[in-house]
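Take a look at the letters that make up each chain.
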Amino acid sequence: MSSSDLPSPARPARVSVVDRLRIERYVWTLDSLLYDLPQHSRVSTRREVRQNLLTAATEVGAGQALTQIGSSAYLAREQFGAQFGDRPRHSWVAAGIFAATVFLVATSLWASAALAYGDGLMATGRHLSGTYTWHGIAYLQNSVTYTLTNGRAPTSVAALRRCSTRSYPWAPCSSAGCGGSCHAVGTRARWAERSARLARHFPHDRSNTRLGSGAQLLRSWGSRRFGVRPSPHEQTTRAVRGVEGLAGEFA
Amino acid sequence: MSTSHDPQLLKGVLSLLLLRLLDSQESYGYEVVQRLRALGLVDIVEGSVYPALARLEREKRVTTRLVPSSSGPARKYYRPTGLGRVALAEGTAQWQSLVSVVSAALTS
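Line order of the protein sequences matches chains A and B.
Take the first sequence: its position 166, counting from 1, is numbered 166 in our numbering, and each next residue is one higher.
Throughout, our numbering is defined as the position within the second sequence, counted from one, plus 251.
By construction, these hints were calculated from the structure, which means they are not laboratory data.
Just so we're clear, the structure is a prediction, and the values are computed from it rather than from any experiment.
By construction, the Cβ of each residue, glycine as well, lies at the ideal position given by its N, Cα and C atoms.
Be a bit skeptical, because a hint or two may be false.
[Stated by the list, open to error] One-sided and incomplete, this derived list gives chain A residues near chain B with beta-carbon spacing under 8 Å: (1) ALA56; (2) VAL60; (3) GLY61; (4) GLY63; (5) GLY81.
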């Protein structure tokens, strides 16, 4: 089928600037949620969703189009499922955030420890001379060396400079540990998310109707408040209607 | 038919429906949604259809091409591949079999 054979849509109505902005906002929110997708998939999804929303907006209005497409979080979740299947997947974002946080916190902590050692030396005496080495926190931090001459103690800033120029404050062990934990967080983040999703499929309500009116009241309140789980009878009725309706499509 | 359908039930056969619709006419995403609604699935969410199309594409059951549009960016049209047509035939047979079994059980 060539493009000329395709049904030509009616002349589109104009989409206002405000509506375009609303659509762009949805598209870019979705894009931010799809950050773990490969670049070409993200771009393709973004373009397709934008095109479909624009088409829908010309027909039913931007507000209705945005309502019909559903939440961006739901769409992103479904897109991840379509891209990666149902298996757990990694998250570069989670790993990156974890790595940055650990790096900042650990470096700050270890620099503070090294500075505290230098401050301790300076507080010991005004005429202190010699070379003093602190081996740092075991397995985590490289050693720090301060050299004092005739009481000319380095200031805290100088101590920090020495610390950072003479040796990298992270010991190999802690670097490896940080890398390993980042990998674990990145790969397990989706496990956690998937576990949360699975938890929603567990029966929320194991109540027995014989438990009494209090349980029934709570149950009906929960149904109204959260829209959870129709009754078994209602589920069966819906299923029958659904099967009959869909069977009609293939008849 | 305008009755609401159980989303979980619909999700199970959405791929089959999409293959059937695309087999009869090449369409782009929003057009597929409109055709589904015209069939009676009025409460279908577009957020379910687009990922289902992406899943079919990943499974190489549909192929896509971009067609320039007068209303904005190019539209992505979907049509089934040979693999998709085989899946459609198999899925239709399985569905008919399932429906006959379930209907018999529910009406007995």
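For each hint, the structure was consulted:
1. ALA56: holds (6 Å)
2. VAL60: violated (10 Å)
3. GLY61: violated (14 Å)
4. GLY63: With a minimum Cβ separation of about 14 Å from chain B (threshold 8 Å), the hint on GLY63/A is violated.
5. GLY81: holds (6 Å)
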